[in-house]
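Novice: Each chain, written out:
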Amino acid sequence: MVQYTFAFDQCDSVDPQQLGGKCAGLVALTAAGIPVPPGFAVTSQAYAEFLAVDGLDCRLESLLRRLGSTDLRGAEAVSAEMRSAILEQMLPPDVEAAIRVAFAQLAAHCGGEVPVAVRSSATAEDLPDASFAGQQDTYLWVCGVDAVLQGVRRCWASLFNARAIIYRANHGITQRDVFMAVGVQKMVNARVAGVAMTLDPGNGDRSKIVVDANWGVGELVVSGEITPDNYVVDKVMLTPVRCRIAEKRKMLVPDREARRLTRRIVPPAQRAVPCLTPDELVTVARLAKAAERHYRTPQDIEWAIDADLPAGDNVVLLQSRPETVWSRKSPPAPAGSAHGHGVSSIAATLIAPLTR
Amino acid sequence: MMPHLPKTRFPSPYDVRPPPGAEGWEKLYPYFLTFQPSMRELDEGKFWFCDGQHWPNVFRPFETITVEFACKCLGQYNTRHLLVPSANGVEYRILNGYCYMSPVAVDPSQIEARMPHFIERAGCYFQNWDRLLENWNRKVRSTIAELEAIAFKPLPPVVPIEDVRGGVGLDPTFELLANYDRAIQGVYRQWQYHFEFLNLGYAAYLDFFNYCKQAFPDIADQAIAKMVQGIDMELFRPDEQLKALAKRAIELGISEEISQGSAQSVFETLRASEAGRSWLVAWETAQEPWFNFTSGNGFYASDKYWIEHPGIPLGYVRDYVVRLLRGETIDRDVAAVRAERDRITVEYGESLDEEARAVFEAKLELARQVYPYVENHNFYIEHWSMSIFWRKMRELSRVLQREGFWADAEDMFYISRDELRQVLFDYASVWAVGVKPVGPSYWPAEIARRRKIVQALSSVRPQPALNQPPLVITEPFTIMLWGITSERINAWLGGGGKSDILNGMPASPGTVEGLARVVSTTDDLDLLQEGEILVATVIAPSWGPVFGKIRATVTDIGGMMSHAAIVCREYGLPAVTGTGSATSRIKTGQRIRVNGTSGEVTLIQ
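Here the protein sequences come in this chain order: A and B. Each residue of the first sequence is one higher than the last, beginning at 3 in my numbering. Each residue of the second sequence is one higher than the last, beginning at 56 in my numbering.
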């Protein structure tokens, strides 16, 4: 039986072509022990079967034939018709049923129905700038399964924006060459969030992980608008080295009803409280360490602790980028006796005061 | 009310009064071991700390032999054999019965000149480590055999007729005095060997330690220790013998027979059955040399060696049997310890660039090569050699006891080793002259007087240190071996620190909460209940078998490389060492939290 959806943590053996670039990345991270916000992929096979319903592919073909030249205005008109054809088309019953089941399972894991992000996850690397193809299309705060189904169609429709169809026409790429999977991922309900680097930015020491954290989502930490708690963890032993707890006055928290983030004043009693427990700190550090191992170079990550997820499963990676400042140079060489070894180095060590 | 200000200095040894009843204690010890009034100015200019890590109890006069030989021999290697550039020996004194130490730095103007000598001399050892260590092993075992061969017997009524016929021309007192001298010399030789490799072992460790501190700023001491630490150490062998005996008892179906009664009665019962006899063979095989193992540290005549007190190892075997029958695993997970050590090493190495990694690996290799000695020598000297020495001394004491010099075999330790030589001459002389010895009418009263003084001294805990401490402590050995740091000294002076928190060295990571058991002597170990937290002045490595029972340890004294720290890391138990006052601040039964990662002990109720 064909499977049209795959949860991110249950599909490490699925053909990446079925998942699209975005979802395949999330699946690979999950498989590497780097949890991301939970969710599922709607496969490109689902898209293929959607095109076959009621001759939708033929209708799209005939609309495309009207595309005369590279006239952008004409293309806009064609594009609009193609997209509305997609948005009005019912999903194949099997595909729709699969999405409903996957969404219900996600809700169960999160202790109830939660808002999700619906993201396109294209399979064709056909455009130099992916955003032309709507590959970056993301719909946030999508609530309820009907809205999710519509979000999936909107992602598929985004394949046919005007510039994309012109590009494909000019390069002889047919629409049959292009497929798109869709990712449905839980919106993070961050209780605490921040950034972490897999080296000490102060001195380039790669045996440390440095974590900045604030209440709520991490944007205020990233933008530098507030002074976060700052923790240093030994990367090898995963033990706390030191921390500086900040007076945290502001936070940005998700507002479900308004479907956006909202700025709040941190209650006075919470301001000087460390926003990570020792266990949570170690879990964040472990996450950063796993990301570094996965990408084989020091990383700069964004992470969050999701209030909706069960403890032990609630620290998630939002973003991981290579660290660029220290990674390009060698770590600073230890001073003094450190260069040599053997007895002369030992002699030098003995006359050096032991500083701790 | 006066505000409470932290003190900035410790009392002068010249101002510390003895406790009531201990007046005149100075005369119990040789003149050079006490603070002499004529040396006041010089000795007050030095900082002394109490070495309760090695000598937690008041010395009886004979027992000063251990600190005299140990410190003298430590010094000779730094000062005269190896010319360690920065450090000479450690001065030592006794105040109110307790041991104080003051490391002696080298005059900075001479450090440079000592360098080439050190490099040449230490180089000989580092380059020929394995060969010289093999040689060391031979020397030490040969002295052990010599010590073991010594026998003290009462003087016979007459010179044997064979000696007359053979024209020997010497009497048995000659052999008696020679045997005593041989015993003292033998143990003196072992203490010289004790330090032959030790300081070098620590130096190589320190070199790696310092490198790690620079390459990975703020790396935990225990992470460094874990990378170096040996895995199959001779020091763990006695405990492993007990585990093997426990398993054998279950195999042979005699766990019931050994489960209660004195060691003697158990052995009696076992001799009656085939299975019992074959277990006894295993016991006897394990005994030599592994039961030459003390529950203390070898520095006191009162140390109980397993070989003389079979009830101690038998008790541990019983505990192991109980745990095995409950289905527990009693073996150390050597593979896991090794895998963790390898993981840590690889990961720290990976955070260095190639050039630095090569240096890191070379230093680590040397540290790992030399480090096992740092642990294993302990078995050969403190355990095995001292076991024989104390046993032979008690044999001698019993000879003199029978002659009426004293009433109890333990009494002899209230006289110094030089006085004992006089006693032996007293015995020899009157034997020759044909009259009664003087000793029996002199020593019993004198020993009783001395015992009272030692009791009075023992009733008070020592001052942690004396005189003005240095502004900062940077001398590597002081920090590493004794755990004496500037923070420790400030804690002793009462500066800062919340009243329900004790700070010490984070010696073995992890956090646990539980009930405390304060153990002041080895005998109290029997009181330990499963799951308690062991709180002691100092912990001997030979308490090994109790480590399977407890959840954490806290000590007054000791650094990162103290035996307690090493054993706890091996057993994966949290440990905080060198708190200074845990045994006086914590009460048995009190709930405490031990954080071996931060070095904090919290008194909960």
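Bear in mind the hints are in silico, worked out from the structure with no lab data behind them. Hints are not guaranteed to be accurate.
[What the hints assert, rightly or not] Covered stretches of chain A (chain B as the covering partner; in silico rule of three or more C-beta atoms under 8 Å from a C-beta of chain B):
no.: 1; region: 203–213
no.: 2; region: 230–239
[As the list claims (entries may be wrong)] Partner residues aside, some chain A positions facing chain B, computed with beta carbon under 7 Å:
no.: 3; residue: 247
no.: 4; residue: 327
no.: 5; residue: 348
no.: 6; residue: 352
no.: 7; residue: 353
Beta carbons: idealized from backbone N, C-alpha and C, even for Gly.
Novice: Please go over all the hints and tell whether each is borne out by the structure.
Specialist: Hints versus structure:
1. Interface restraint, the region 203–213 of chain A with chain B: holds (5 residues with C-beta to C-beta distance below 8 Å; minimum three).
2. Counting residues of the region 230–239 of chain A whose beta carbon lies closer than 8 Å to any beta carbon of chain B gives 5, which reaches the threshold of three, so the coverage claim holds.
3. Given hint, residue 247 of chain A at the interface with chain B, is violated; its Cβ is 15 Å from that chain's nearest Cβ, farther than 7 Å.
4. Given the 7 Å rule on beta carbons, the hint for residue 327 of chain A is violated: about 16 Å separates it from the nearest Cβ of chain B.
5. Against a cut-off of 7 Å between C-beta atoms, the interface hint on residue 348 of chain A holds, since the closest Cβ of chain B lies about 4 Å away.
6. For residue 352 of chain A, the interface hint holds, since its Cβ comes within 7 Å of a Cβ in chain B; the closest pair sits about 5 Å apart.
7. Of the supplied interface hints, the one on residue 353 of chain A holds, with its beta-carbon coming within about 5 Å of a beta-carbon of chain B, less than 7 Å.
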